[in-house]
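Participant: Here is what each chain is made of, one letter per residue.
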Amino acid sequence: MTAAPAAPRTTLRLERRLAASRERVFEAWTDPELLVRWFTPPGGSSYDPEVDLRTGGDWRVTMRRRPWPSYEASGTYLEVDPPARLVYTLTWKRAPFGPDSLVTVEFHEIDGETQVVLTQERLETARGRFFHGRGWRHSLDRLRELVELA
Amino acid sequence: MVKHLEDRLDDTFAALADPTRRAILQRLAEGEASVGEVAARFQVSAPAISRHLRVLENAGLVKREKQGRVHRLHMERESMDEALGWIAHWGRFWESRLDALEDLLAEREREERR
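Here the protein sequences line up with chains A and B, keeping their order.
Note that our numbering has the first sequence beginning at 1, numbered continuously upward.
Note that our numbering has the second sequence beginning at 151, numbered continuously upward.
Watch out, some of these pointers could steer you wrong.
Beyond 10 Å from chain A on every Cβ pair, some chain B residues (computed) [unchecked claim]:
| no. | residue |
| --- | --- |
| 1 | 161 |
| 2 | 167 |
| 3 | 173 |
| 4 | 194 |
| 5 | 220 |
| 6 | 223 |
| 7 | 224 |
| 8 | 231 |
| 9 | 232 |
| 10 | 236 |
| 11 | 238 |
| 12 | 239 |
| 13 | 244 |
| 14 | 256 |
| 15 | 259 |
| 16 | 264 |
Cut-off 20 Å, straight-line C-alpha distance, at most; resulting in silico cross-link-like pairs (EDC-like, lysine to aspartate or glutamate) [to be verified]:
| no. | chain 1 | residue 1 | chain 2 | residue 2 |
| --- | --- | --- | --- | --- |
| 17 | B | 213 | B | 182 |
| 18 | B | 153 | B | 187 |
| 19 | A | 93 | B | 252 |
| 20 | A | 93 | B | 187 |
| 21 | B | 213 | B | 252 |
| 22 | A | 93 | B | 249 |
| 23 | B | 213 | B | 168 |
Non-contacting residues of chain B with respect to chain A, defined by C-beta distances greater than 12 Å in every case (computed) [to be verified]:
| no. | residue |
| --- | --- |
| 24 | 159 |
| 25 | 163 |
| 26 | 169 |
| 27 | 175 |
| 28 | 176 |
| 29 | 182 |
| 30 | 186 |
| 31 | 196 |
| 32 | 197 |
| 33 | 198 |
| 34 | 205 |
| 35 | 225 |
| 36 | 233 |
| 37 | 257 |
| 38 | 260 |
| 39 | 263 |
Think of the hints as simulated: they come from the structure by calculation, not from any bench.
Glycine included, C-beta positions come from ideal geometry on N, C-alpha and C.
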């Protein structure tokens, strides 16, 4: 066991060290065309991105994993501080991943690389915790492939 | 001849699987109308509108009453209610499966914390 303080049960925390600059990782997180290349469901794809990157601006992505119908992830940016920090709400439509949650992403620079610290709060259901844990692990692997390309 | 539920659902969903027919239903949901009034709304030939109306009538979604030379059309509830019942059944089915999934995952979390 690690000595890290126990996170509340409704919080998910993931970290990834990526061999790319903070600017590049932040851009991948906020440029609509780059976002849909990694923020995808396992075994599926994302499309029709909309990003209004400012505090109070909305974002939206449609996802699909055939043969299932499409569903939608959307939310509002609460903090936009490039390339260090991003806070936004996450709402699912037509998908059973639980009620709205809050995502905070910190991009720390370490020796020219980026430590991504992702915290998702208000995961009130076991279903939400399960699907998001699985989804983020998949997405962050894809993000690595995207940003570590030379 | 009495159609069985499965056949009626086939007819209803097939009738609904067309944007013009859904738009005709939308129009009739606002109130009954003559065939001419319905046809005037769409950039489609009169024979095409007639074909669409036959499909809707065959599915029991639309009923036609002749008042002299004017044919009045109105929406019928029963077929739509059957289709909605079928969809609601699956809605409840998935809800119950998701509830079961929630219970299973919550139990697994409790075990992992022990």
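Participant: Hint by hint, note whether the structure agrees.
Facilitator: How the hints compare with the structure:
1. For residue 161/B, the shortest C-beta to C-beta distance to chain A comes to about 23 Å, beyond the 10 Å cut-off, and the non-interface label holds.
2. Here residue 167/B stays apart from chain A, with its beta-carbon at least about 15 Å from theirs, past the 10 Å limit.
3. Here residue 173/B stays apart from chain A, with its beta-carbon at least about 22 Å from theirs, past the 10 Å limit.
4. With a least CB separation of 28 Å from chain A, residue 194/B remains clear of the 10 Å interface cut-off, as annotated.
5. With a closest Cβ-Cβ approach of about 42 Å to chain A, residue 220/B is found to remain outside the 10 Å limit, as its non-interface label requires.
6. Here residue 223/B stays apart from chain A, with its beta-carbon at least about 32 Å from theirs, past the 10 Å limit.
7. A cut-off of 10 Å between C-beta atoms confirms that residue 224/B is not in contact with chain A; the least separation is 32 Å.
8. Separation of residue 231/B from chain A is adequate, the least Cβ-Cβ distance of about 23 Å exceeding the 10 Å criterion.
9. At roughly 22 Å, the least C-beta separation between residue 232/B and chain A is larger than 10 Å, which holds for a residue marked as non-interface.
10. Chain A leaves residue 236/B outside its interface by the beta-carbon criterion, the shortest separation being 17 Å against a cut-off of 10 Å.
11. Chain A leaves residue 238/B outside its interface by the beta-carbon criterion, the shortest separation being 16 Å against a cut-off of 10 Å.
12. Every beta carbon of chain A lies more than 10 Å from that of residue 239/B, the smallest distance being close to 17 Å; the non-interface claim holds.
13. Chain A draws residue 244/B into its interface by the beta-carbon criterion, the shortest separation being 8 Å against a cut-off of 10 Å.
14. With a least CB separation of 4 Å from chain A, residue 256/B falls inside the 10 Å interface cut-off, contrary to its annotation.
15. Distance check for residue 259/B against chain A: the nearest CB is about 6 Å away, which does not clear 10 Å, and the non-interface claim fails.
16. Every beta carbon of chain A lies more than 10 Å from that of residue 264/B, the smallest distance being close to 14 Å; the non-interface claim holds.
17. Distance restraint check for residue 213/B and residue 182/B: the Cα-Cα separation of roughly 10 Å lies within the 20 Å cut-off, and the hinted pair is therefore satisfied.
18. Taken as a hint, the residue 153/B and residue 187/B pair is broken in the structure, with Cα atoms around 31 Å apart against an allowance of 20 Å.
19. Restraint check: the Cα-Cα separation between residue 93/A and residue 252/B comes to about 18 Å, which is no more than 20 Å; the hinted pair holds.
20. Annotation: proposed proximity of residue 93/A to residue 187/B is violated, straight-line Cα distance about 37 Å (limit 20 Å).
21. Of the supplied pair hints, the one linking residue 213/B and residue 252/B is violated, its CA atoms being roughly 45 Å apart against a limit of 20 Å.
22. For the hint pairing residue 93/A with residue 249/B, the CA-to-CA distance comes to about 18 Å; that is within 20 Å, so the pair holds.
23. Distance hint between residue 213/B and residue 168/B is fulfilled; the C-alpha atoms sit about 18 Å from each other, no more than 20 Å.
24. Residue-level check passed: residue 159/B sits 19 Å from the nearest beta carbon of chain A, beyond 12 Å.
25. Against the 12 Å criterion, residue 163/B stays outside the reach of chain A, whose nearest CB is about 15 Å from its own CB.
26. Look at residue 169/B: its CB is around 18 Å from the nearest CB on chain A, clear of 12 Å, so calling it non-interface holds up.
27. Non-interface call for residue 175/B relative to chain A: holds, since the shortest CB-CB distance, roughly 22 Å, exceeds 12 Å.
28. Distance check for residue 176/B against chain A: the nearest CB is about 22 Å away, which clears 12 Å, and the non-interface claim stands.
29. Look at residue 182/B: its CB is around 34 Å from the nearest CB on chain A, clear of 12 Å, so calling it non-interface holds up.
30. In this structure residue 186/B is separated from chain A by more than 12 Å, as the shortest Cβ-Cβ distance comes to about 38 Å.
31. Even its closest Cβ contact with chain A, about 36 Å, leaves residue 196/B beyond 12 Å, as expected for a residue assigned away from the interface.
32. Every Cβ of chain A is farther than 12 Å from the Cβ of residue 197/B; the closest lies at roughly 34 Å, confirming the non-interface assignment.
33. Listed as outside the interface, residue 198/B is consistent with that label: its C-beta sits roughly 29 Å from the nearest C-beta of chain A, beyond the 12 Å cut-off.
34. Every C-beta of chain A lies more than 12 Å from that of residue 205/B, the closest at about 25 Å, which supports listing it as non-interface.
35. Residue 225/B, annotated as away from the interface, keeps every beta carbon of chain A farther than 12 Å; the closest lies near 27 Å.
36. In this structure residue 233/B is separated from chain A by more than 12 Å, as the shortest Cβ-Cβ distance comes to about 17 Å.
37. Not every CB of chain A is more than 12 Å from the CB of residue 257/B (nearest about 8 Å), against its label as outside the interface.
38. A Cβ of chain A approaches the Cβ of residue 260/B within 12 Å, the least distance being about 9 Å, so the stated non-interface status is violated.
39. Once the 12 Å rule is applied to beta carbons, residue 263/B is inconsistent with being away from chain A; the minimum gap is 9 Å.
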